[in-house]
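J.: If you want the working numbering, it's the position in the sequence shown, counting the first as 1, plus 566.
Hints in this document: simulated from the structure, not taken from any laboratory. Glycine residues also receive a C-beta, built at the ideal position from the N, C-alpha and C atoms.
Using C-beta positions, here's what the derived DEER-type ranges look like:
| # | residue 1 | residue 2 | range |
| --- | --- | --- | --- |
| 1 | Lys1031 | Leu917 | 51 to 61 angstroms |
| 2 | Gln741 | Pro906 | 54 to 64 angstroms |
| 3 | Ile1061 | Val587 | 20 to 30 angstroms |
Here are the simulated SDA-like cross-link-like pairs (lysine to any residue), alpha carbons at most 25 angstroms apart as the crow flies:
| # | residue 1 | residue 2 |
| --- | --- | --- |
| 4 | Lys766 | Ser737 |
| 5 | Lys658 | Ile890 |
| 6 | Lys696 | Thr920 |
| 7 | Lys878 | Arg659 |
| 8 | Lys740 | Lys1031 |
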Amino acid sequence: MSVPNIREILSKRIFYIPAVVYLIIFGLLPFGISIYLSAPSSDFASYVRIFQLTNFPRILYNTFVFSVGTAVFSVVIGTVLAILVDSRTHAKRALSLISYLPYMIPFTASALIFATLYNPGYGPIDPILKAIGLPIINWLGSGMDLYSLTITGIWATLPLAFLITLAGLTSVPKQVKEASVVDGMGMWDYYSSEALPLAKGAILTAFLMTMILAFGDFDLPFILGGAGGVPPTTMATLVTFSYAQMFYEGLVSQGLATTMILALIVSIPGLLLVRVTLGGGRKDGGAGRLFHLPSVHFPSLHLPHLPNGPFKYLIYVVSALVFIFILFPIYWMGLLAFRPQALDYVIPPILLPTKIISSIFLTTVTQATPEIITTTAIAIAVTALTIALAAPAAYTIARQGRRALLGIIIYVFSIPSIAFVFGAFYIISRLHLLNTWWALILTEPLFTVPFVIWTMSNFYNSLPKSYEEAALVDGYSPLRSFFQIVMPLARPGLIAAAMVAFIFAWHLLLFPLVMSQTPWNFHFPPVGSNTVTTFAVIFDPDSTGGSVSNNVWVQLAASGIILAVPVIVLSVIAQSYLLKGLYSGGTKG
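Let the sequences and hints guide you as you build the complete structure.
T.: Next up, the structure:
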């Protein structure tokens, strides 16, 4: 092979090779280690023992109820909110901001605050139910805890379903909207016969993504299930069950076998997501042949006819109830964080602010200073590494049509993090990096790099090629053209991608919980890598004079606000860019 050919090959592959190498080292290798250790004997005894456990059918049931229930209700409610926002000519930004407020609250903070809402003695939900004549419910009791977990999951994942569905509705061609106005279509006629059928690809994408995230969710079932030890069978999912086996019961091979079963289950919606994203056509760079997936054909939507007027008011009423559902937990978190602790344990609960104090919140911030610095430094480093790896790789996928590579990356994104954590822990321990910042900086991009590649490839597809073609005519190399021409044009997408990567890194609980042991010791090189998420889960309640047994709600709420504020600020800044690149081809199908 001649030297020019080698250079040509390298010039085409140099953009994505670093990302692929990273995903192999910190994705494929940990996953392979987990597979190997899950079956230490040739008779697969660890897998056999799982299916012999009497509680395993219930754990499977819990996992499916939580995941499918979360996805179904999130998409239905998200579609209602998307119709509301899409149909409005005013206040779109404000309504959108309210709709994705839960996205700004990390799962850890969501679980902590819902744990106080569900409290049977001092939580506010039961008194409200009693006031309107409804029976009091033991929300975290053995008969209701799974459904309470699902409600929390719906609240946490609703914004994702809303954003993707809204992206599909806003991508309806302008001429279709104009024709509907000329034809005098009402609200129901337009959405039932035009917009929703055209956006059904987006709706399916929203359903698959929310279900995949729910299958792999660790934070909500872990915290609501007690945040440590063996979770209660009535609420345990495959994720928390496998975590407890690996890190509490010492049944590593059995726990890893559970994660492999979960990965196999999630592969079904994961591969469907790949097919939906890549489309059903054969112009897929071999992706269809690679995955051997059938084309996804969306059936026509046959919706019953509803009068336009009542439908409009129904959307408004349902949206108003959903906004209350969204806003009340956030209000409750703020109320708890800035009032005297004695007011938390009053029957009936006090729902309005009577006295505002900031001393305990400031004490919590002071106590969490090492974790705040650690999380900020790690999130910035993870963001920088993510953009360095993902931006060039996404450009290659968009411009060279490497859709098979994109399909693999989306599939990697769909695999639950619990399937990687033990293998990553094994590698990091061998490198003697446990409880250091490097442990998290090296492993956390496993979740941000695939997502940013996916979204940025969509963004690059929206950029005109004429500038790059002119640069090549002027003698620019592909590398120079990328950095001097494409990157400036892609700045809005890069900013949004960087913010999303930062938010991902700020949210994570599982990997910091496994990789970290102590807070940062204020020395360099840094030793101690507890983050704000681990602080919120395993804080020392003695700092506020409380005890674990009586639940120091004020510090829980303060921890939630510490977790939420940076994400809220970044989300507000990135609001204009969130729809672009999150979903492409919303009207396909």
